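Heads up: the sequence lines are chains A and B, in that order.
Here the first sequence is numbered in my numbering, starting from 1 and rising by one per residue.
Here the second sequence is numbered in my numbering, starting from 1001 and rising by one per residue.
To be clear, the hints were calculated from the coordinates, so they are not data collected in a lab.
It is possible that part of the hints are untrue.
Now the stretches of chain A that chain B is said to cover, found in silico as 3 or more residues with beta-carbon under 8 Å [said to hold, decoys possible]:
| id | segment |
| --- | --- |
| 1 | 55-64 |
| 2 | 99-110 |
Computed cross-link-like contacts, SDA-like style, restricted to lysine to any residue with a CA-CA straight-line distance of at most 25 Å [as the list claims (entries may be wrong)]:
| id | chain 1 | residue 1 | chain 2 | residue 2 |
| --- | --- | --- | --- | --- |
| 3 | A | K69 | A | V111 |
| 4 | B | K1057 | A | K112 |
| 5 | A | K49 | B | K1014 |
| 6 | A | K69 | B | E1100 |
| 7 | A | K58 | B | S1095 |
| 8 | B | K1057 | A | K58 |
| 9 | A | K69 | B | V1098 |
| 10 | A | K69 | B | Q1050 |
| 11 | A | K69 | B | Y1048 |
| 12 | B | K1057 | A | Q45 |
| 13 | A | K112 | A | S70 |
| 14 | A | K49 | B | K1011 |
| 15 | A | K69 | B | R1031 |
| 16 | A | K58 | B | Q1054 |
| 17 | A | K49 | B | T1097 |
| 18 | A | K49 | B | Q1080 |
| 19 | A | K49 | A | S113 |
| 20 | B | K1011 | A | E88 |
| 21 | A | K112 | B | L1039 |
| 22 | A | K112 | A | Q6 |
| 23 | B | K1057 | A | P79 |
| 24 | B | K1014 | B | S1095 |
| 25 | B | K1057 | A | V29 |
| 26 | B | K1014 | B | L1060 |
| 27 | B | K1057 | B | D1086 |
| 28 | B | K1057 | A | K69 |
| 29 | A | K49 | B | D1086 |
| 30 | B | K1014 | B | E1052 |
| 31 | A | K49 | B | R1031 |
| 32 | A | K112 | A | K69 |
| 33 | B | K1071 | B | L1039 |
| 34 | B | K1057 | A | A95 |
All values derive from a computational prediction rather than experimental measurement.
For each residue, glycine too, the CB sits at the ideal point set by N, CA and C.
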Amino acid sequence: AQSVTQLDSQVPVFEEAPVELRCNYSSSVSVYLFWYVQYPNQGLQLLLKYLSGSTLVKGINGFEAEFNKSQTSFHLRKPSVHISDTAEYFCAVSAFYGNKLVFGAGTILRVKS
Amino acid sequence: DTGVSQDPRHKITKRGQNVTFRCDPISEHNRLYWYRQTLGQGPEFLTYFQNEAQLEKSRLLSDRFSAERPKGSFSTLEIQRTEQGDSAMYLCASSLTVEEPQHFGDGTRLSIL
């Protein structure tokens, strides 16, 4: 079985500042890793994914994440945030050839002007 | 690519009533998933279809819940004798292969009076 821990429930940050949203996972098998973003009353939109290869993954809207197998982490970063980045962010894993995503509880990113 | 479509977007019903939700996946996607998201939590897996076959069900899917995908295209999720605890956002997702990310619809928000 897999589990995901998002270490911060809320992260406040000023506009144009850098941000890191933390994600740790647990799994007895190899996994794929994902970050999704959810705006109010909407579904989830994929930001980026790690399947294999380079551990630094670049996604949409200037976000990137780094897979660290030894620390079982997949932290999301952005060097300079905008007001429009205010949303809830979910880290998720799925087992290789698995049929479901396992999500963390989410981190609300609040960007202040 | 018109995206995953869910109907209705909102459903308000009295406790004890039956409700049915519909999901139309991206047309070429043969994998379809249902998730439930309660306030302040990440989505939780309910069930998975490959074409018309329901291949995995979560323990969250009690006997009051039934999902179908009769022709391998759209899917329905029915909840019988609704309870207060069923209030949640019900999300549908689809994907082409196990390695490809799941694409989510905007969800159906169910409120039980």
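The hints, checked one at a time:
Interface restraint, the segment 55-64 of chain A with chain B: violated (0 residues with C-beta to C-beta distance below 8 Å; minimum three). Look at the segment 99-110 of chain A against chain B: 8 of its residues bring a Cβ nearer than 8 Å to a Cβ of that chain, three or more, so the hint holds. With a C-alpha separation of about 30 Å, the suggested pair K69 (chain A) and V111 (chain A) falls outside the 25 Å cut-off, and the hint is violated. About 42 Å separates the Cα atoms of K1057 (chain B) and K112 (chain A), which puts this hinted pair outside 25 Å; it is violated.
Taking the CA atoms of K49 (chain A) and K1014 (chain B), the gap is near 40 Å; set against the 25 Å cutoff, the hint is violated. With a CA separation close to 21 Å, the supplied pair K69 (chain A) and E1100 (chain B) stays within the 25 Å bound. Our distance criterion of 25 Å between C-alpha atoms is met by K58 (chain A) and S1095 (chain B), whose separation comes to about 21 Å. About 33 Å separates the Cα atoms of K1057 (chain B) and K58 (chain A), which puts this hinted pair outside 25 Å; it is violated.
Note on K69 (chain A) and V1098 (chain B): the hinted pairing holds, with a Cα-Cα distance of about 21 Å set against a maximum of 25 Å. For a cut-off of 25 Å, the pair hint linking K69 (chain A) to Q1050 (chain B) is broken: about 30 Å separates their Cα positions. Note on K69 (chain A) and Y1048 (chain B): the hinted pairing is violated, with a Cα-Cα distance of about 28 Å set against a maximum of 25 Å. Restraint check for K1057 (chain B) and Q45 (chain A): satisfied, since their Cα atoms lie roughly 24 Å apart, inside the 25 Å limit.
A C-alpha spacing of about 34 Å is found between K112 (chain A) and S70 (chain A), which places the hinted pair above 25 Å, so the restraint is violated. Restraint check for K49 (chain A) and K1011 (chain B): the C-alpha separation of about 32 Å exceeds 25 Å, so the hint is violated. About 28 Å separates the Cα atoms of K69 (chain A) and R1031 (chain B), which puts this hinted pair outside 25 Å; it is violated. A threshold of 25 Å between alpha carbons decides the hint, and for K58 (chain A) with Q1054 (chain B) the separation of about 34 Å lies outside it, so the pair is violated.
Using a Cα cut-off of 25 Å, the hinted pair K49 (chain A) and T1097 (chain B) holds, with the two alpha carbons roughly 14 Å apart. For the given pair, K49 (chain A) sits about 36 Å from Q1080 (chain B) by alpha-carbon distance, which is inconsistent with the 25 Å threshold. Between K49 (chain A) and S113 (chain A), the direct Cα distance comes to roughly 29 Å. Violation of the 25 Å bound is thereby established for this hinted pair. With a C-alpha separation of about 23 Å, the suggested pairing of K1011 (chain B) with E88 (chain A) holds against the 25 Å cut-off.
Taken as a hint, the K112 (chain A) and L1039 (chain B) pair is honoured in the structure, with Cα atoms around 23 Å apart against an allowance of 25 Å. Straight-line distance between C-alpha atoms of K112 (chain A) and Q6 (chain A) comes to about 21 Å, which keeps the hinted pair within the 25 Å bound. For the proposed pair K1057 (chain B) and P79 (chain A), the alpha carbon gap of about 40 Å is over 25 Å, so the pair is violated. With a C-alpha separation of about 34 Å, the suggested pairing of K1014 (chain B) with S1095 (chain B) is violated against the 25 Å cut-off.
Restraint check for K1057 (chain B) and V29 (chain A): satisfied, since their Cα atoms lie roughly 20 Å apart, inside the 25 Å limit. Of the pairs offered as hints, the one joining K1014 (chain B) and L1060 (chain B) holds, with about 21 Å between alpha carbons and a cut-off of 25 Å not exceeded. Between K1057 (chain B) and D1086 (chain B) the CA atoms are separated by roughly 17 Å; this keeps the pair inside 25 Å, and the hint holds. Between the alpha carbons of K1057 (chain B) and K69 (chain A) the distance comes to roughly 29 Å, so the proposed pair goes past 25 Å and is violated.
For the given pair, K49 (chain A) sits about 31 Å from D1086 (chain B) by alpha-carbon distance, which is inconsistent with the 25 Å threshold. Using a Cα cut-off of 25 Å, the hinted pair K1014 (chain B) and E1052 (chain B) is violated, with the two alpha carbons roughly 31 Å apart. A hinted pair counts as satisfied when its Cα atoms are at most 25 Å apart, and K49 (chain A) with R1031 (chain B) qualifies at roughly 18 Å. At roughly 33 Å between alpha-carbon atoms, K112 (chain A) and K69 (chain A) are farther apart than 25 Å, so this suggested pair is violated.
At roughly 33 Å between alpha-carbon atoms, K1071 (chain B) and L1039 (chain B) are farther apart than 25 Å, so this suggested pair is violated. With a C-alpha separation of about 16 Å, the suggested pair K1057 (chain B) and A95 (chain A) falls inside the 25 Å cut-off, and the hint holds.
Violated hints, in rising order: 1, 3, 4, 5, 8, 10, 11, 13, 14, 15, 16, 18, 19, 23, 24, 28, 29, 30, 32 and 33; the structure is consistent with all others.
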